[in-house]
Structures are given as structure tokens and as C-alpha cells.
Amino acid sequence: MEKTKLKLSRRQFIKATTAAGVLLAGAGSAGWVRKSMAAGTGTAAPPNLKVVRTTCSPNCTGACGMHAMVEDDQLKAIIQAADYPEPEYNPRGCLKGLSMMNLIYGPDRLQTPYLQKGKPGRDELQKASWNEALDFTAKRLQEIADKYGPESIGVAFQVGGTGYIQKGAVSRLATLAGWNLHHAYDQNGDLPMFWPMTFGVQSEELEPLEWLNSRYVAVFGSNILATRLPDAHFLVEARNRGAKIVVFDPNFSPTAAKADEWVPIKGSSDAAVALGIAKVLLDENRYDAAFIRTFTDLPLLVRTDTGKRLKADEVEGLSRPADVPAYREAFVAYNGRLLSVHPEKLDLAPDVILEGAIEVKLKTGQSVKAKTAFQLLKESLNQYTPDYVQKESGIKPETLLRIARDMAATKPLHVIYGASNYQWYHGDLKGRALALLPVLTGNLGTSGAGISTYAGQYRIRFKLADWWVPEGKTQNWLPFLYVLKGPTPSMKAKWPRNGIKALIIGWGNPLDQHNMANKLREMITSGELEFVATMDFQMTTTCRWSHAVLPAVSWYEKTDLVATPVHPYLQLQQPALKPLYEGKPELWIMRELAKRLNPAWESYFYPGLEPDAAAEKIIEHLLKVGGPPVAGITLEQLKQGPVRLKSEVPGNRQIPFYDQIRNKKPFPPVSLPAKIEQTAQFVKSGRIEFYKDEAIFLQLGEALPVHKPPFEESEYALNPKAREAYPFTFVTRNAIYRVHSTHSNNVWMNELQDGKPHVWLNPQDAAGKSIHQGDEVEVYNDRGRMTAFAIIDPGVGRNVAVFEEGWWARYLQGASYNSLTYPFIKPTHEAYFVPGMWAPNTAWNECLCAVRKAGGIA
Amino acid sequence: MRLGMVIDLDKCIGCRTCTVTCKSHNAQPPGIWWNRVFTPGSDFHQAASGQEGHLQMSFLPVSCQMCDNAPCEKVCPVGATYTDERGVVLVDYERCIGCRYCIAACPYNVRQFNWEDPKKAKERVGYEKGYEYGYPVEIRDPDGRLIYTPNRPVGVAEKCTFCFQYTSKGELPACVSSCPSKARIFGDLDDQESEVSTLLRDRSSFRLKEELGTQPKVYYLPPNKQ
Numbered sequence: 016m017e018k019t020k021l022k023l024s025r026r027q028f029i030k031a032t033t034a035a036g037v038l039l040a041g042a043g044s045a046g047w048v049r050k051s052m053a054a055g056t057g058t059a060a061p062p063n064l065k066v067v068r069t070t071c072s073p074n075c076t077g078a079c080g081m082h083a084m085v086e087d088d089q090l091k092a093i094i095q096a097a098d099y100p101e102p103e104y105n106p107r108g109c110l111k112g113l114s115m116m117n118l119i120y121g122p123d124r125l126q127t128p129y130l131q132k133g134k135p136g137r138d139e140l141q142k143a144s145w146n147e148a149l150d151f152t153a154k155r156l157q158e159i160a161d162k163y164g165p166e167s168i169g170v171a172f173q174v175g176g177t178g179y180i181q182k183g184a185v186s187r188l189a190t191l192a193g194w195n196l197h198h199a200y201d202q203n204g205d206l207p208m209f210w211p212m213t214f215g216v217q218s219e220e221l222e223p224l225e226w227l228n229s230r231y232v233a234v235f236g237s238n239i240l241a242t243r244l245p246d247a248h249f250l251v252e253a254r255n256r257g258a259k260i261v262v263f264d265p266n267f268s269p270t271a272a273k274a275d276e277w278v279p280i281k282g283s284s285d286a287a288v289a290l291g292i293a294k295v296l297l298d299e300n301r302y303d304a305a306f307i308r309t310f311t312d313l314p315l316l317v318r319t320d321t322g323k324r325l326k327a328d329e330v331e332g333l334s335r336p337a338d339v340p341a342y343r344e345a346f347v348a349y350n351g352r353l354l355s356v357h358p359e360k361l362d363l364a365p366d367v368i369l370e371g372a373i374e375v376k377l378k379t380g381q382s383v384k385a386k387t388a389f390q391l392l393k394e395s396l397n398q399y400t401p402d403y404v405q406k407e408s409g410i411k412p413e414t415l416l417r418i419a420r421d422m423a424a425t426k427p428l429h430v431i432y433g434a435s436n437y438q439w440y441h442g443d444l445k446g447r448a449l450a451l452l453p454v455l456t457g458n459l460g461t462s463g464a465g466i467s468t469y470a471g472q473y474r475i476r477f478k479l480a481d482w483w484v485p486e487g488k489t490q491n492w493l494p495f496l497y498v499l500k501g502p503t504p505s506m507k508a509k510w511p512r513n514g515i516k517a518l519i520i521g522w523g524n525p526l527d528q529h530n531m532a533n534k535l536r537e538m539i540t541s542g543e544l545e546f547v548a549t550m551d552f553q554m555t556t557t558c559r560w561s562h563a564v565l566p567a568v569s570w571y572e573k574t575d576l577v578a579t580p581v582h583p584y585l586q587l588q589q590p591a592l593k594p595l596y597e598g599k600p601e602l603w604i605m606r607e608l609a610k611r612l613n614p615a616w617e618s619y620f621y622p623g624l625e626p627d628a629a630a631e632k633i634i635e636h637l638l639k640v641g642g643p644p645v646a647g648i649t650l651e652q653l654k655q656g657p658v659r660l661k662s663e664v665p666g667n668r669q670i671p672f673y674d675q676i677r678n679k680k681p682f683p684p685v686s687l688p689a690k691i692e693q694t695a696q697f698v699k700s701g702r703i704e705f706y707k708d709e710a711i712f713l714q715l716g717e718a719l720p721v722h723k724p725p726f727e728e729s730e731y732a733l734n735p736k737a738r739e740a741y742p743f744t745f746v747t748r749n750a751i752y753r754v755h756s757t758h759s760n761n762v763w764m765n766e767l768q769d770g771k772p773h774v775w776l777n778p779q780d781a782a783g784k785s786i787h788q789g790d791e792v793e794v795y796n797d798r799g800r801m802t803a804f805a806i807i808d809p810g811v812g813r814n815v816a817v818f819e820e821g822w823w824a825r826y827l828q829g830a831s832y833n834s835l836t837y838p839f840i841k842p843t844h845e846a847y848f849v850p851g852m853w854a855p856n857t858a859w860n861e862c863l864c865a866v867r868k869a870g871g872i873a
Numbered sequence: 168m169r170l171g172m173v174i175d176l177d178k179c180i181g182c183r184t185c186t187v188t189c190k191s192h193n194a195q196p197p198g199i200w201w202n203r204v205f206t207p208g209s210d211f212h213q214a215a216s217g218q219e220g221h222l223q224m225s226f227l228p229v230s231c232q233m234c235d236n237a238p239c240e241k242v243c244p245v246g247a248t249y250t251d252e253r254g255v256v257l258v259d260y261e262r263c264i265g266c267r268y269c270i271a272a273c274p275y276n277v278r279q280f281n282w283e284d285p286k287k288a289k290e291r292v293g294y295e296k297g298y299e300y301g302y303p304v305e306i307r308d309p310d311g312r313l314i315y316t317p318n319r320p321v322g323v324a325e326k327c328t329f330c331f332q333y334t335s336k337g338e339l340p341a342c343v344s345s346c347p348s349k350a351r352i353f354g355d356l357d358d359q360e361s362e363v364s365t366l367l368r369d370r371s372s373f374r375l376k377e378e379l380g381t382q383p384k385v386y387y388l389p390p391n392k393q
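Chains as they are written, first to last, in the numbering used here: chain A, 16 to 873; chain B, 168 to 393.
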């Protein structure tokens with residue numbers, strides 16, 4: 016249309032045209048008008064209209080670049096910045112991020128600090144001034160530290176990647192004060208323990224751009240279409256480019272609906288399926304012998320008398336090479352003669368045997384029998400016949416065989432292992448079994464290949480210690496499950512002598528999201544937790560249970576630095592708005608607390624600088640000292656848009672283990688912020704380890720990946736009657752409407768789902784209980800109960816109650832849906848302790864319940 | 168020029184991002200949605216339909232179909248609904264008398280009615296006092312008709328404008344630029360080289376309730392996998 020025909024007043028015309036232009040200019044998408052047709056328009060910007068490029072950063076891992084459209088310091092609308100250099104990544108952003116204004120300006124927004132003068136969770140909070148709130152908080156923390164020791168103060172501050180600077184301020188003060196930090200990665204259940212067990216790393220993932228290069232994508236229990244909204248299109252595109260997408264899931268999810276094939280399996284039976292496939296690969300010689308000889312522990316010998324891996328040092332005629340670091344070990348392989356295998360030299364002679372047993376003479380004079388780990392694996396897999404796998408998982412033998420052969424024949428193969436699937440008691444075993452698929456077939460370290468998990472914005476992308484840990488100080492870390500469960504005899508983390516007596520909470524809502532067995536509420540009510548201080552920008556359930564509420568700001572009101580494990584871009588959060596009401600960035604809150612606790616500590620927090628200016632200084636410094644991933648990256652560059660982090664992979668692509676596979680470097684690559692000696696001890700052989708010989712693995716019969724059915728060692732061990740009383744599995748999955756408990760109160764999100772929480776049931780299960788669509792349903796067990804409204808879905812598996820997690824207690828009649836869950840700790844998670852890397856991981860879905868129509872009889 | 172849209176249902180992941188961007192950029196008050204995404208065959212979004220062994224799930228975004236032969240326009244007794252020279256069906260909020268014939272006539276159920284002052288509806292949500300979301304200025308067409316204003320008058324019908332505020336200067340509607348799956352393509356159906364025309368030539372497509380003769384300018388590409 017011709018612009019000259021517009022009858023706009025001059026002011027309106029300029030506003031209309033330039034606002035649109037500014038708003039969408041960065042979208043990178045050419046408009047619908049072909050160039051020849053584009054008409055000239057006004058360019059003068061209205062005085063108060065601005066667009067700010069920032070990064071959306073709840074705990075979803077998306078880290079989506081956004082343009083905030085701001086007029087008169089009011090956020091009018093948000094649109095994706097769409098400024099990633101690869102067009103495939105544009106536009107990143109979803110319905111939640113684009114409706115952030117409902118939280119920023121909504122009725123739950125915190126306007127002032129609050130203090131609790133009565134009983135938390137029961138009495139009303141009282142408004143307070145910042146000075147009152149900070150003085151009170153500092154005084155209580157000091158009293159508790161004096162009485163119980165500073166390590167009795169716990170800090171739950173969620174995952175680092177969502178904001179390195181503001182969260183770093185919390186870490187910095189906690190370290191100075193000697194408080195205990197709770198790593199969010201295991202607290203959230205997001206730490207897939209098979210990673211450190213098998214590969215010696217915290218976690219790894221292919222960036223979604225690489226999905227396009229896969230030819231076979233096996234998705235085990237991941238609902239990418241709901242949980243990875245900005246990246247789901249890569250899966251559809253990969254399929255349309257000819258990749259085979261197979262989804263293994265008890266439920267017919269949106270992701271299953273887009274796949275080439277949906278393979279329904281019983282809940283938590285993935286290890287049986289994976290081991291059944293692995294058996295086919297080995298039986299039919301469809302494995303990459305050279306690959307597993309070079310990169311895995313399968314050729315190494317294991318003593319059959321002790322189950323331990325044979326050390327070079329104990330074998331007659333062999334020795335441990337002098338240059339093997341203390342945290343590694345030299346083991347033994349055989350090619351007609353016994354070989355001492357250097358853990359940092361992966362090449363083995365091509366005639367090294369994979370299969371077989373030999374007699375080995377030890378230095379003690381004793382003679383022992385030893386088998387290769389490969390031999391033991393093969394023997395262990397004997398039981399995973401197609402018939403057995405069908406019995407355990409429900410998959411038909413012919414389907415299993417076909418899939419195994421397809422997988423073996425199609426490269427690159429990528430396995431995606433969903434968080435909802437590894438958040439079970441035996442999540443580690445399932446992951447170890449699934450890792451066999453890409454590794455046995457040599458699908459690792461190359462484009463489009465490998466195994467990935469995509470949960471938690473945990474990743475420390477470069478060296479942050481200069482900000483997170485004041486020089487010369489050491490940190491105390493305590494996995495959160497111990498706070499709920501108490502110490503265990505086998506724990507490696509240090510239990511504070513008086514337990515945890517106070518909590519400082521930020522960026523999280525543990526009173527909805529983590530109060531397994533209502534434990535936190537009970538601890539506050541009983542006074543076991545003497546003090547809880549929470550920083551948030553909204554009045555969450557957790558704020559209501561706190562003694563002090565410190566109003567923070569949303570990510571549109573502060574400066575921070577963001578990275579995610581999903582894609583390798585470093586991005587800024589730039590303030591689009593001035594802090595609303597009395598909200599303050601966490602850096603400011605920590606500085607104010609620091610100086611009240613100890614006047615000398617203020618100097619650690621850039622006194623005299625406004626929080627945004629301080630944050631910029633810190634970012635500039637960290638970019639200078641952060642190491643190779645950020646070499647050459649400047650604050651100025653980041654202000655313009657996203658900057659890809661550097662890696663050893665061509666094009667700086669994110670392909671896990673590229674260096675290990677291409678250059679035959681020992682496993683593991685470094686997982687920051689841990690030092691290599693901390694994580695290399697997980698895989699002492701320097702190889703991918705399928706055989707774990709630490710005592711607890713041998714004791715539990717888990718030296719090799721095996722299938723163990725759910726509940727036997729958890730729910731039934733806790734209460735044998737649960738087998739009869741609670742026949743349903745309580746699965747808490749993510750919906751498209753929330754990022755955990757963020758957006759639970761977003762008015763638009765709630766309009767889109769009838770404003771109430773739902774529980775999804777199979778039609779046959781529902782019919783048996785006379786439950787109809789929309790009925791209020793009670794879900795309960797010994798530990799707790801909640802109610803939600805039924806959705807009868809033929810795609811939901813039998814005997815499962817699927818609840819979409821994140822709802823605040825006020826939508827659940829005051830209950831927490833997590834009151835049903837239990838803090839199981841699997842002893843294999845305690846074999847080592849490195850915070851957030853080898854630590855007890857929460858098993859949300861290992862939870863049994865019963866279901867009945869609310870108000871009716873059972 | 169005939170502006171139209173192609174929605175690729177194969178690419179649509181049912182995420183409802185378009186629903187929300189449409190709502191925010193066009194300042195739709197609580198309860199009003201110009202643009203919705205359904206799961207055909209299911210009462211609830213993203214629930215499966217069909218029987219065991221034959222389960223189905225696909226997604227269908229529905230907003231104003233921008234009919235060439237628009238029933239809403241025909242029944243409007245005051246000419247408030249009209250089609251502009253780009254083929255975009257619009258509502259003049261100052262002319263609309265609130266009779267709601269158009270709402271009854273629309274076979275796609277996409278028209279919404281302002282039963283109350285949108286400011287009051289927002290107050291009820293409890294936004295910060297004085298907070299207003301959405302594209303911040305009113306827009307009149309070349310003849311001076313009021314086709315967009317952040318707070319619609321009480322008693323008018325409203326619906327998708329193909330984001331007049333953006334498309335009038337050659338930019339994309341918000342639902343198109345925000346779709347994370349790039350499932351929506353927008354352009355001139357009269358331009359044989361436009362992406363929409365090319366897609367409609369190369370791929371099979373359908374329109375909603377074609378048998379009614381409404382001649383929508385929103386086309387759908389079927390899911391590859393059904």
C-alpha cells in the first residue's frame with residue numbers, strides 16, 4: 016500500500032511507522048514486501064520509544080535473545096531479537112518469555128521488603144523498609160552463625176548460567192561468610208548421574224543446530240515439543256531432511272506425534288530396551304570394534320575374584336608408568352601379552368582382545384582369572400533377550416530387532432535422554448545403558464552424533480572464580496537432599512555439625528518446588544529452620560513462608576551475563592527498565608548484607624558503584640581472565656548481541672568430546688568450575704567407562720549397566736504396602752505454560768489452560784474410577800495429597816497420573832504437589848562428591864500414588 | 168495486492184507463542200484472544216485423540232481468515248467492517264455499534280466482543296496502576312477510520328488486523344515474526360513470486376470451511392505426518 020494514502024496525524028504516522036520499524040528491525044527477517052516494493056518511511060523516533068536487546072533467562076535453558084519495546088519506562092511488548100548469526104536459531108523465544116510483562120507488572124510483584132513477626136506460613140508478613148529488613152536479616156544470620164557455626168546457614172540460589180553476575184554475588188558473600196551452598200543442578204534433579212559415571216563429565220549436549228546433521232534421533236522420554244520450545248523445530252526439520260525420529264515414551268506426547276515412530280514402553284524400562292538393543296549390536300557384530308578399543312574401558316581386564324579392574328601395578332612384570340597422575344590409574348589389556356595401559360594414551364594395539372578370559376600372575380605370586388569388560392558386558396547382556404525385554408518394557412521383539420539394526424546402520428546416531436526420564440531412582444543405570452548405543456556404534460565426537468541431556472542451566476562456561484570465590488577462600492557445599500533427609504552413613508559431602516538452621520533463597524521457590532514430604536514447611540513450623548530469607552521479584556509461596564522477604568528485580572531491570580548448555584552463545588541482560596517499586600538487583604542486596612555482617616566485606620562488592628555499573632565492571636574483568644572460551648570477547652560486542660563462545664571444534668560448534676575423539680585425548684574434558692583431578696577420578700582409566708568397580712557399584716550389582724525395575728529399592732523398600740496401596744505412578748512433567756514455578760501466576764498462561772491445574776489420565780483408568788473429563792481428582796499417598804482436574808487422554812499410559820509441575824500452592828488448595836514425593840538418595844550417587852557433578856540427584860518421578868474422584872470414596 | 172498467510176501445520180509445534188504475541192502486541196484485554204491454537208479432535212490442547220494404536224495429535228492455529236467473501240462484512244449494518252485495498256478485513260471501532268451480527272456470521276468464531284471497558288478488565292487482573300501493554304498508539308487508515316487503539320471502546324467487536332501497525336510498513340505480523348518454528352509465511356497472494364504464492368503452487372494446501380465460499384486468504388499446509 017502506498018504510504019501517502021495514510022491519513023494519520025503527523026505524530027501518529029511517525030509513531031506508527033517507526034515503532035514498528037524499530038521493534039521489528041532486528042528480527043533479521045525481511046518483511047513481506049519484496050525490495051522493489053518497499054516504500055520509504057519516516058525515520059525520526061518518537062522521543063520516549065526505545066528497544067533494548069536483552070536475554071530472557073528463567074531456569075529453562077532457552078536463554079533467548081529478546082527485544083524489549085519500552086515507552087516511558089514501561090515495557091509495552093516483547094519480540095524475539097532474532098539476531099543469532101545462524102538464521103536457523105531465529106527467532107528464539109516462547110509464549111512465556113513474550114508475556115513477562117504479566118509478572119513484571121502483575122499483582123504478585125513485590126513492592127517492598129517484608130518481615131515476619133509471627134509464624135511463617137500462617138501469619139501475615141509485615142511491610143518493612145530496606146534498612147529494617149537488611150538489619151534484621153544480618154542480625155539473625157549473625158546470631159545463627161555464632162550459635163551453630165556459619166556452615167549451618169544454607170544458600171539455595173539456583174543454577175549459575177541464568178546469570179553469572181548476580182548469582183556470583185551470592186556465592187561471593189556465602190564464601191566469605193562460610194555458609195553452605197546448595198548446588199541447584201542436583202537439587203533440581205537435573206544432574207544425569209550417568210554422565211560423570213560413564214564419561215567423567217558433569218553433562219554434555221549437542222547444540223540443537225547439530226540435530227540437523229543427525230540421520231537417526233532416538234528420543235528416550237523427552238518431550239522436546241513442550242520443554243524445548245525454541246529448539247523443537249530443529250527436530251521437525253531434521254525429520255524432513257530425512258533423519259529418522261523415534262520416540263520411546265510411555266505417553267503419546269506432542270513430540271511422539273511429530274516423530275516417524277512412537278514406541279510406547281513401560282515407565283522407567285529404558286535400560287531394558289537399551290540393553291536389548293546393545294545385545295543385538297554385539298550378537299550380530301554390528302559394533303565398531305576399533306572405536307571401543309580406543310575410547311572405552313571395554314578392552315581392559317577385570318579380576319573375576321574381586322570384580323575390580325586389574326591394575327598394572329599388581330601384575331607381575333607390569334608397572335604403573337611414572338607419569339600417571341595420582342587421580343588416574345594404569346590398567347591392563349591383553350594382546351597375547353599383558354599390557355600396561357597408560358590412562359592418557361588412548362591408542363591400543365589393534366590386536367588387543369575385546370573378548371576372552373585369561374589367567375594373570377600377580378606380583379604377590381597369586382594367579383587370578385581376568386576377563387575383559389567387553390566379555391563381562393556380553394555375558395551380562397545374555398539375559399536381555401527380546402522376550403525378556405518385551406516382558407519388562409512391552410516392546411515387541413520384532414520392533415526391538417528392527418530398531419537395533421536400523422540404529423546400527425544409520426549414522427550419525429543421536430540419543431536424547433529426557434530429564435523426566437532420568438529423574439528416577441535408577442536414572443543413572445538407564446543413562447549408562449543408553450550411552451552404550453552411540454558408543455558401541457562409534458557415534459561420538461562428530462557432527463550430529465552422541466548422547467545428550469537437555470535440562471538445567473547449570474553450565475559454567477568459563478572461569479568465574481575471580482567473582483564467585485574471593486581469593487584464598489574455600490567453599491562449603493552440601494547437596495540439598497541431605498537438608499531434607501538428614502545425613503547418611505555413606506555421604507561424602509560434609510554434614511554441618513548442627514545441621515542446617517537457616518536458609519537464604521534466591522531465584523527459586525523451594526516451598527512449592529522442593530518441599531518433598533512437606534519437609535521444608537515442617538522444618539520452618541517446628542523451628543528446626545530458625546530463619547529463612549528469600550530474594551524474589553514476586554510474592555511466591557516461598558516468600559510467604561519466609562522470615563524476611565527481600566524484593567529483587569526481574570531480568571528486564573538489571574545487568575547480567577547469561578549462558579546456557581543448550582547453545583554456545585554468551586549474552587547480556589541489559590536493563591530495559593528501571594527497577595520497579597523498591598526492587599534491587601541481588602548484587603546490591605548482597606553488598607548491603609555484607610557490610611552489615613562485617614564492614615570489611617563491603618569492599619568485595621564494588622562499593623560506590625551503582626549495581627549496573629558494578630556488574631559491567633565485573634563482566635569486563637571476567638572476560639579478561641575467563642580463559643579460552645571467552646578469549647577476545649568484549650563487553651561492547653556483547654552489548655550489540657550474542658557472541659558465540661570459542662571451542663576447539665571448527666566453527667566453534669558445540670559437539671561434545673570432539674577433541675577426545677579426533678585427537679585421542681583422555682577422558683574427561685574439563686567440566687568447569689571443577690579441576691581436572693576432581694572429575695578425572697570418576698573415570699580413572701581415562702576412557703569411557705561402562706564398568707564401574709567402586710565398592711558400592713559391585714555391592715549393588717551395578718558394575719555394568721543393568722535394568723532394574725522402578726520402586727523395588729525405593730518406594731517398596733520404604734513401605735512394602737505401597738505395592739498394593741499406591742498402584743499409580745505420579746509423573747510430574749513440564750507444560751508449555753510454565754518454567755517450573757515461574758509463570759504459574761501468569762494471567763494469560765492460565766487463561767490458556769482454563770485457569771486450573773490438571774492431572775492427565777488414561778481413559779481406562781479413569782473409567783474404572785468413574786472419573787470424567789474436568790472432574791476434580793485427588794492424588795495422594797502416605798506423604799501428601801493434592802487435587803487437580805482430570806484430562807482424559809488416550810495417549811497417557813496405564814496407571815500413571817501425569818501432573819504438569821510448577822503450580823503454586825494457592826492453585827492447589829494450599830497443598831504442594833511435591834508433598835507426595837520423597838528425597839530418595841541412591842548410594843551410587845555418593846561414591847564421590849563434587850558439587851553439582853557427582854552428587855545425590857533428586858528422583859521426582861520415583862513416586863507412587865493413588866487416584867480417586869475428589870469427594871468420592873476410594 | 169491481496170495479503171494472505173500460509174500456515175504450515177507440519178512445522179507447527181502447538182506452542183501457542185503466536186497466540187501470546189498477538190495478544191500482547193495488539194493489547195487484547197484479559198479474556199480476549201484474536202489468535203488461538205487448537206488440537207483438533209481433542210477437548211484439551213495437546214491431548215491425543217483416537218484409539219490405542221491409532222493415536223493422533225496435530226495443531227491448528229486459527230485467527231481471522233481474511234475472507235475475500237467475508238460474511239462478517241456483509242452482515243455489518245453500518246459498514247464498520249470493511250476490506251481495505253490490500254485485502255485486509257478491518258473493523259472501524261468508531262463506527263461499530265456493537266450489534267454482534269458479525270460475531271454470529273463468522274464461521275470461524277474468531278471475532279471477540281468488548282463487553283466491558285478493557286481498562287476495567289485489566290484492573291481486575293491487578294496490574295500496576297497505570298500499566299498498559301501492547302502497541303502504544305492508535306492507528307487510523309488512510310480514510311481516517313480507527314482500526315487500532317490500545318484500549319478499545321466498550322461494545323465493539325474486534326479481531327486480527329494482520330498487525331496493521333507492522334504490515335502497513337512492510338514488516339511482518341507479530342505472529343509470523345515470533346513463531347519459533349517458522350510455521351507462518353505472510354505475503355502478497357497476487358505477487359506470483361512471493362513466498363506465499365510459491366508455497367501454494369508447490370505444496371498441497373487447504374482452507375478452513377472452503378465449502379462455505381468465504382474464500383479465506385489464510386491457507387494451511389497439511390502435516391506431513393497425520
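What the hints contain is simulated information worked out from the structure, not anything from laboratory work.
It should be emphasised that the depicted structure is a prediction, and the values quoted were computed from it without experimental measurement.
Just so it is clear, CB atoms sit at the ideal spot from N, CA and C, and this is done for glycine as well.
Accuracy of the hints is not assured; some may be wrong.
Unchecked claim - Stretches of chain B that chain A covers, calculated by requiring three or more beta carbons in the stretch to come under 8 Å of a beta carbon on chain A:
1) 192-204
2) 236-245
3) 266-274
4) 289-297
5) 374-386
We went through each hint and held it up to the structure:
Closer than 8 Å: that is the beta-carbon criterion, and the stretch 192-204 of chain B has 4 residues meeting it against chain A, so the requirement of 3 holds. Residues of the stretch 236-245 of chain B lying with their CB closer than 8 Å to a CB of chain A number 0, which falls below the three-residue condition for coverage. Check result for the stretch 266-274 of chain B against chain A: violated, 0 residues qualifying (beta carbon to beta carbon below 8 Å, three or more required). Given a C-beta distance limit of less than 8 Å, the hint that chain A covers the stretch 289-297 of chain B holds, as 4 residues qualify and 3 suffice.
Coverage of the stretch 374-386 of chain B by chain A is violated [criterion: at least 3 residues with CB-CB distance below 8 Å; count 0].
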